[in-house]
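*Asks:* The lines below spell out each chain.
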Amino acid sequence: MTRVTQRLCALLALISLVACGDDPIPVTPPTFNRPGAVAFLCYDQEARQVVPRSACLEGDAGENPNLRLTALVTQTAQGEIAAIDLQFGVALDADVRVPGFTHVRVGEIPSGIVVPPSEPGFTYVANFGSRTLQWIPSARFRPEAMVSDATGSFVGLPAAPLGLAMSDDEQYLFSSLPEEGAVLIAALDASGAISSVSQQALDGTHDAPRVTVGDGYGRTCPADVSLAEPPAVSAREDVALGDVAQPGNLVVDGDVLLVADESLPVIHRFAITGGTLTPLPALSPGVPVRDLVVSPEVPREQGGDELTRFLYAIDATDGSVLVMDYEEGSPTFGAALSVAVGGSAPDRLDLVGAARALSIITPGFPGEECSFDSDQERGPAVLRGAFLSVAMQSGALFVVDIYDLDSSCRGGAMCEDELVYQRRHRRRVGASAGFNTNVVGTPAFRFEGNPGRIGNDGVSSGDSPGLVQLSACPRGMKRVFPVVDGDPVICAVQDPWAVRAQRWLSVYEGALPGTSGGLGRFEGREFIAPRANFCARGVLGSANVQASELNAAEPEAGYAGDMLIITSDVPDDAPTGCEIFALDDSGTRADPIAIPIAVATGDTLTLGEPIGDRTLGQVVACFPELLGYEIRTQGVYTVVGSRTGFVHRVVEDPGSSACLVDRSGRPSVPACAADGTCGECGTDADCDSGSPICDAGRCVECTSARNVCDSACGENGRCIELRSGRAKVGEPFQSAELAFTIAPFSAPPALGVNSELEFDVGDTPASLALDVGSLPEAAQYSEEDQNLYIVDIHGDSLVQVALSPLTVAERFD
Amino acid sequence: MRPPRPFSLATTPLPRTFAAALLVLGTFSACGNDGVRPPEGRLNFPTAAALSLEASPRFIYVANSNFDLRYNKGSIQTYNLEVFADAVLECTDRDPEDCVIIDPSVPSLDADARVPPIEANVLVSEVLTGSYADGVTLSPSGARLYTVIRSDGNLTTVDVDPATGALSCGGEGQPHICTEAFRAGDDDAAALRDINLPPDPVDVVSGSLTDFGRGADEGDYVFVTHRGGQASLFIDDNTEGSRPTLIHSVGGLAPELVSVAFEPRSQLFWLTSGGEPRLSRVGVAIDGLTQDLERSFLFNAGDLRVSDVDTGDASTGDTRDVVFDPREDVERAYVLSRRPEALFFANLRGSGDLDIAQVVEVGDGPSRVTIHDFEVDGEPRWLLFVSCFESRDLYVIDADNGRLLGTVGGLSGPFEVLPDPSRERVYVVDFRSSVVRAVDLSAMLACISGEPSSGELMRECAPRLLGMIGQPRPVMELL
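Sequences listed follow chains X and A, in order. Following the working numbering, the numbering of the first sequence begins with 1 at its first residue and continues without gaps. Following the working numbering, the numbering of the second sequence begins with 1 at its first residue and continues without gaps.
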C-alpha cells in the first residue's frame with residue numbers, strides 16, 4: 001500500500017467517524033479581517049427596511065422587538081463591510097448564494113463609513129485604497145430586507161480619502177485627503193447620491209499654544225483627603241511631524257467641522273454653511289493630534305447652571321491624551337488644561353501608556369442628578385453621566401470622569417458609605433473601598449549582607465542604621481509606615497492619582513541606572529565613553545554641583561559628586577604591578593576602584609584621585625584598553641523606584657556640554673511692585689520668609705504646589721525640590737512620592753559597604769479598567785443601546801462594552 | 001489574545017526529523033551513501049535572498065534551505081531578472097498563477113500542466129551549500145555572499161562575479177559544491193583566543209568597516225546571530241582569497257533570536273527575539289588606541305523592552321524583524337512583531353523601553369519587513385513591505401504615516417521580500433511553494449500619484465501578482 005493510499009484510507013475512516021457522530025463540530029469561518037471603522041443602522045424586521053436610527057433608541061426598541069440595531073464594520077484588508085445584528089449577536093451573511101460567509105464588497109481599504117441617522121437609505125463608504133467615495137443601499141446589509149430599486153455607485157477622487165463624517169443636515173459628507181492637505185466636501189442630491197465633490201485646503205495658521213489649570217470638579221470621601229493641585233505650567237513649544245497639513249480624524253460638532261492634523265500642531269475648525277467650509281480660528285494643541293472628540297456641555301460644578309465643555313485629542317507624537325477648554329465664550333477657550341499630578345506630564349491625562357481611540361460616552365446623560373432618596377445603584381463601575389473612554393494600545397480601556405450625575409450621592413451624604421476619589425479629567429478610580437495606600441509588609445534594611453527589618457519606631461532589627469521617626473508627614477503626604485499607629489517613619493503622597501504602587505530600593509553609594517557600559521577608556525585625567533549620555537542619567541561631578549549655584553536648601557547642595565567604578569578585569573598584557581586591580585574569583589573586587597568625578601559632561605568625565613591609596617596614574621596605566629564601568633553616588637543613598645526609576649534634575653548645558661542641575665523649575669521670587677506685578681526676581685531663599693512668589697507673571701503666595709512647578713511648598717513656605725533621587729545620610733529625604741530619613745551609620749562606612757533599604761508601597765487605588773482586546777482601533781458609543789463598541793483590529797473582533805456596570809458584554813468576530 | 005501559532009519558520013528548532021535524518025544520513029554515509037543531490041536549478045524551500053547592487057538589479061540570489069531534507073544539500077542560485085522581466089511579458093493573457101517562468105535546463109514538474117511553464121534562461125548559476133540556510137547578505141562591493149547554515153553551524157562565503165552573477169565557493173565542475181575553505185566556523189586562531197562560534201546561526205548582516213569609522217580598505221564586517229542568544233563578529237579583509245575571520249562572540253542576549261539589523265546612528269546591531277518581549281542590542285568595540293582589528297569585541301549594549309502593547313503576558317514576546325528608516329532626518333525603527341501581530345514604529349532615542357510611537361496591524365504570522373523608496377511624481381515615497389506567512393499575504397504600508405496602502409493575497413508562504421523600485425516591483429520569496437514571485441506595484445503607485453478613477457468600474461489600486469520564477473511545489477505535510 002502506497003503512502004497516498006494509506007492516507008486516503010485514513011481520510012475515509014475519519015470522514016466515516018465524523019458521519020457517525022451525533023454532535024458534529026460546527027465550523028465557524030473567520031469573518032473579520034483587519035476591522036477598522038464602525039457605524040450603526042436600525043432595521044425594522046417586520047417592515048423589512050432600514051429605518052431612522054432614533055427608532056432603535058433604548059426603550060423604543062424594548063417595546064418593538066422587530067427593531068434591530070445593526071453594526072457595520074469595515075474590513076480593511078479585504079475591502080468589505082461586515083454587518084452584525086447586535087440584538088441577535090450574529091454576523092449577517094451578505095449573500096447566501098455564495099458558499100461560505102460573505103460580506104458586502106466595497107472598494108479597497110475602506111477607511112470611513114457613515115449611515116445617515118435620519119435618512120438611512122444609503123450607506124457611504126470612503127475607500128482609501130481605491131480612492132473612491134461610494135454609496136450603497138443600506139438594505140444591502142440586511143439580506144432579508146425588501147428589495148428596492150435603489151442602486152449605489154461611486155465617485156473617483158484625486159487622492160485617498162481618510163475617514164468620513166456627515167453634516168447634521170445630512171446633506172454633505174466630509175473626508176480627509178491627507179495627500180492633498182485638504183478636506184473633501186461631497187454634496188448629496190435628493191436621492192442620496194453624491195452629486196458633486198470639492199475640496200477645502202488646510203493651512204497651518206494658528207496662535208501660540210496656551211495652558212491653563214483645569215478646574216477642580218470632583219468629590220472625595222473622606223472630604224479632608226489632601227489632593228494635589230495640578231501645577232501651572234508653561235505651554236509646550238510647538239512640535240510638528242511634517243511641513244504641510246495632513247488631515248486625519250474629522251468631527252462634526254453642530255455647525256462646526258473639526259479636523260485633526262497629524263502633521264502640524266493645529267486642530268482646524270470650519271463653519272459648515274451649506275456646501276462651504278468657512279475657516280474659523282484654529283486650535284493650538286502644540287502637537288499634531290490623531291483622534292479627537294468633543295464632550296457635550298456639562299455643568300462646571302455639580303448641579304450648577306454654568307456650563308463647560310472639553311475637547312480631548314491624542315497627541316500624535318507619543319499617544320498621550322490632552323484636554324482643551326472648548327466652551328465658546330470662555331476666556332480660556334482653546335487652551336490646553338493642566339490636569340495631572342504626580343510624576344506624569346501635567347498637561348496630559350495620566351493614563352499609563354499610549355492611547356489608540358477616544359470616545360465620549362453619555363449613558364443617561366443628560367438626565368436627572370442623583371437623589372439620596374433613590375435606590376438606584378451607584379458606584380465606580382456604574383456610569384451615568386458624561387465620560388471619556390480611552391482605548392489604549394495595550395488593550396486596556398480606561399474611563400475618565402467628565403461629569404458624573406451620581407457624584408454628589410456617592411459615599412453618602414456624610415461620606416459614611418464608601419471611599420470616593422473622583423476628579424474631572426482623571427482616570428475613574430475603580431474601587432469604592434478597600435484601598436489605603438501603605439507599605440506592604442515590613443521594610444527590609446540589609447547591611448553587609450545581614451538582613452534586618454524596620455520596626456514601627458524606625459529602628460532596625462539588624463546592624464543597619466535604620467530610619468528616623470518623623471514628627472509629621474510633609475504637606476500632601478500621609479503616613480504609610482507604620483501602618484496602624486505611631487509617628488510616621490515613611491510617608492507617601494496621599495493623592496490617589498499621584499501615588500504609584502512600586503518597590504523602592506535605596507542603596508548606599510548605589511549605581512545610577514543606565515550608567516554601566518563597556519566602551520570607556522582613559523585619556524589622561526579624562527574618561528571618555530561615547531554615547532554614555534551621562535547628564536541624562538543624572539551624573540554629577542563635584543564641580544558640576546558648584547557650577548549650578550545652588551542654595552543651601554536644595555538637595556544637591558554640597559554634594560561631593562558621583563564616582564566612576566571600574567568593573568572590568570585587568571587586561572592580560574597589563575604591566576607588572578597591575579595584579580592589585582585584578583578581579584577575584586567571583587568576578588568582583590573587594591576593594592573597588594572608585595574615582596570621584598570632578599566634572600561630568602555628556603560623554604566625558606574629568607576625574608579626581610581614586611579613593612584609597614592608589615593613584616589615577618596607576619589605574620590609567622593598568623587599563624590601557626576599552627573597559628567596563630558604572631557610575632555610583634558618593635556618600636549618599638541612591639533611591640530608585642521600580643516604576644519611577646532614579647529621579648533627578650540634571651541636564652546637559654547646551655554650550656559647555658557640562659552636566660548641571662536644572663533650576664528652571666524653581667520659582668522666581670520677586671520683590672513685588674506696589675501695583676502687585678512682579679519686579680526683579682530674587683532668589684528662592686526669599687521664599688523661606690514667606691514672601692510672595694512670582695507665578696506666571698503674577699505675585700501670589702507660596703501656598704501650594706501649583707505655585708512652584710516641579711517643586712513643593714513646605715509648611716513654612718520654603719520651596720522643596722522634589723526631583724531628587726539622592727538621600728543624604730541622617731537628613732530628611734523628600735521626593736514627589738516619598739519622604740523618609742535614613743539614620744546615620746554607627747561608624748564611618750568603608751568604601752563598598754553594602755547598605756540597602758527596600759520596601760514596597762502598595763494598596764494604591766486601582767483605576768476602573770477593562771481588557772477589551774489586543775489592539776483597539778476605533779471606539780464608537782451607541783446612543784441607541786447605550787453601549788460602547790471597540791474595534792479590536794488585532795483580535796479581529798467588535799467588542800460590545802456595557803457601561804452599567806462596565807463590562808465586556810460580547811465579542812463579535 | 002490569539003493563541004500562539006503552531007509553526008513559525010524563523011524560530012523553528014531544527015526538528016526531530018532532522019536529527020533523525022542526520023542519524024540516518026550518518027549511518028548511510030558510513031556505508032558510502034551521500035544521499036540524494038538536489039536537482040539542478042530547482043528552488044527548494046527558499047528562505048533568503050538578495051538583489052545585486054545595480055540601480056536596476058540584474059540578478060537575484062536565492063538561498064534554498066532544503067527544509068524537508070529531501071536532498072543532501074541546500075543551494076544558492078542566481079537568477080537573471082532582466083530575462084525574467086522579458087519572459088513575464090508573455091503572460092499578458094495568463095492568470096498570474098499560470099505565469100510560471102522556468103529555466104530550460106530544469107525539467108518541468110508537471111509535464112501535463114494545463115498551462116505549460118514559459119521557458120527562459122533565468123538560471124545563471126548555482127552552488128550547493130549545507131541545508132537550512134537562514135539568512136543571506138551581499139557584501140558592500142557585491143562580490144561576496146554570506147549565508148549562515150544552521151545544519152552545519154557555519155558562515156558560508158560564496159564569491160560572486162557581479163558582472164555575470166556567477167557563483168563560486170571552491171568547488172570544481174558541476175555540481176559546484178562549496179568546499180570547507182568557504183565555510184567559516186571555529187578556526188584555530190579564534191580558538192587560541194578562546195573564541196568559539198556558537199551553534200545554530202539564524203541571520204547575518206554585513207557592511208563596511210567604515211560604519212565604525214575605519215578605513216574603507218580595511219575590509220568588511222559580517223555579523224551573525226545565533227538562536228540561543230549569542231552573536232558573532234567576523235571580519236573579512238577582502239583581499240584576494242581571503243575568508244572571514246571569527247573575531248568575537250558574545251552571549252547573554254535575548255533567547256530565540258530571529259533576525260538582525262544595523263543601526264548606523266548608534267552603531268549598534270538590533271536583534272529580534274521570538275522568545276521574550278525585548279530586543280537585544282550589540283555594539284562593536286574597535287579600540288582606537290591599539291588599532292588592532294583582531295582585538296575588537298562585541299558588547300551587550302542593553303535590551304529594549306517591548307512594553308505597553310499586549311504581548312500576551314509580561315514574560316513572552318515575539319519580534320521577527322527590524323529595519324531602520326534610511327532617511328537621515330527620520331530616526332525611526334520598524335519592528336515587526338507577532339505578539340501582537342503588528343508593525344511597531346519606534347523612535348530611536350528610547351532607552352530601557354522600546355519607544356513605540358505607532359502600532360500598525362498586519363496580517364497573521366508576520367515574518368519579514370523591508371523598506372524602500374519608490375518614485376511617485378518625481379518624489380521618493382517610502383514604503384514598507386511586510387510578509388505575513390500565515391495569512392499568506394503581503395502588506396504595503398506608508399512609512400510616513402503608517403497607513404495601509406495595499407495588500408497582496410494569493411501567496412502561499414511569503415517570507416523574504418525584496419523591493420525593486422526600478423521596475424516598480426517587489427520580489428517575494430515563497431517558502432511554501434518554492435518559488436520567487438514578482439508583484440507589480442505600478443497600479444498602486446499610479447493611484448498614489450493621483451490619477452483619478454474613471455468609467456463605471458471601480459479602479460483597482462492594489463498591487464498585483466505578475467508571475468513567478470520556478471514551478472510551484474505545494475507542500476502539504478509540513479505546514
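Keep in mind that the hints were calculated from the coordinates and are not lab data. Glycine included, each C-beta is placed from N, C-alpha and C at the ideal position. A hint or two may mislead.
Computed list of chain A residues with no C-beta within reach of chain X, every gap over 10 angstroms [unchecked claim]:
| id | residue |
| --- | --- |
| 1 | 41 |
| 2 | 163 |
| 3 | 474 |
The calculated label-pair distances, taken between Cβ atoms and stated as ranges, are [as the list claims (entries may be wrong)]:
| id | chain 1 | residue 1 | chain 2 | residue 2 | range |
| --- | --- | --- | --- | --- | --- |
| 4 | X | 332 | A | 213 | 25 to 35 angstroms |
| 5 | A | 199 | X | 587 | 20 to 30 angstroms |
| 6 | X | 64 | A | 115 | 49 to 59 angstroms |
| 7 | A | 115 | X | 276 | 38 to 48 angstroms |
| 8 | X | 199 | A | 213 | 32 to 42 angstroms |
| 9 | A | 213 | X | 657 | 13 to 23 angstroms |
| 10 | X | 582 | A | 292 | 53 to 63 angstroms |
| 11 | A | 239 | X | 582 | 37 to 47 angstroms |
| 12 | X | 576 | A | 215 | 12 to 22 angstroms |
| 13 | A | 199 | X | 546 | 52 to 62 angstroms |
| 14 | X | 301 | A | 314 | 54 to 64 angstroms |
| 15 | A | 98 | X | 199 | 42 to 52 angstroms |
| 16 | A | 314 | X | 276 | 25 to 35 angstroms |
*Asks:* If a hint holds in the structure, say so; if it doesn't, say that too.
*Replies:* Hints and how they fare:
1. 41: holds (27 angstroms)
2. 163: holds (40 angstroms)
3. 474: holds (15 angstroms)
4. 332/X with 213/A: 25 to 35 angstroms: violated (53 angstroms)
5. 199/A with 587/X: 20 to 30 angstroms: 25 angstroms Cβ-Cβ, so the 20 to 30 angstroms window holds.
6. 64/X with 115/A: 49 to 59 angstroms: At roughly 58 angstroms between Cβ atoms, residue 115/A and residue 64/X fall inside 49 to 59 angstroms, so the hint holds.
7. 115/A with 276/X: 38 to 48 angstroms: violated (57 angstroms)
8. 199/X with 213/A: 32 to 42 angstroms: violated (50 angstroms)
9. 213/A with 657/X: 13 to 23 angstroms: Distance hint for residue 213/A, residue 657/X holds at roughly 21 angstroms.
10. 582/X with 292/A: 53 to 63 angstroms: Because 22 angstroms falls outside the window, the suggested range is violated.
11. 239/A with 582/X: 37 to 47 angstroms: 38 angstroms Cβ-Cβ, so the 37 to 47 angstroms window holds.
12. 576/X with 215/A: 12 to 22 angstroms: violated (34 angstroms)
13. 199/A with 546/X: 52 to 62 angstroms: holds (55 angstroms)
14. 301/X with 314/A: 54 to 64 angstroms: Hint violated: Cβ distance 42 angstroms, outside 54 to 64 angstroms.
15. 98/A with 199/X: 42 to 52 angstroms: Once the Cβ atoms are compared, 43 angstroms apart, the range 42 to 52 angstroms for residue 199/X and residue 98/A holds.
16. 314/A with 276/X: 25 to 35 angstroms: Once the Cβ atoms are compared, 53 angstroms apart, the range 25 to 35 angstroms for residue 276/X and residue 314/A is violated.
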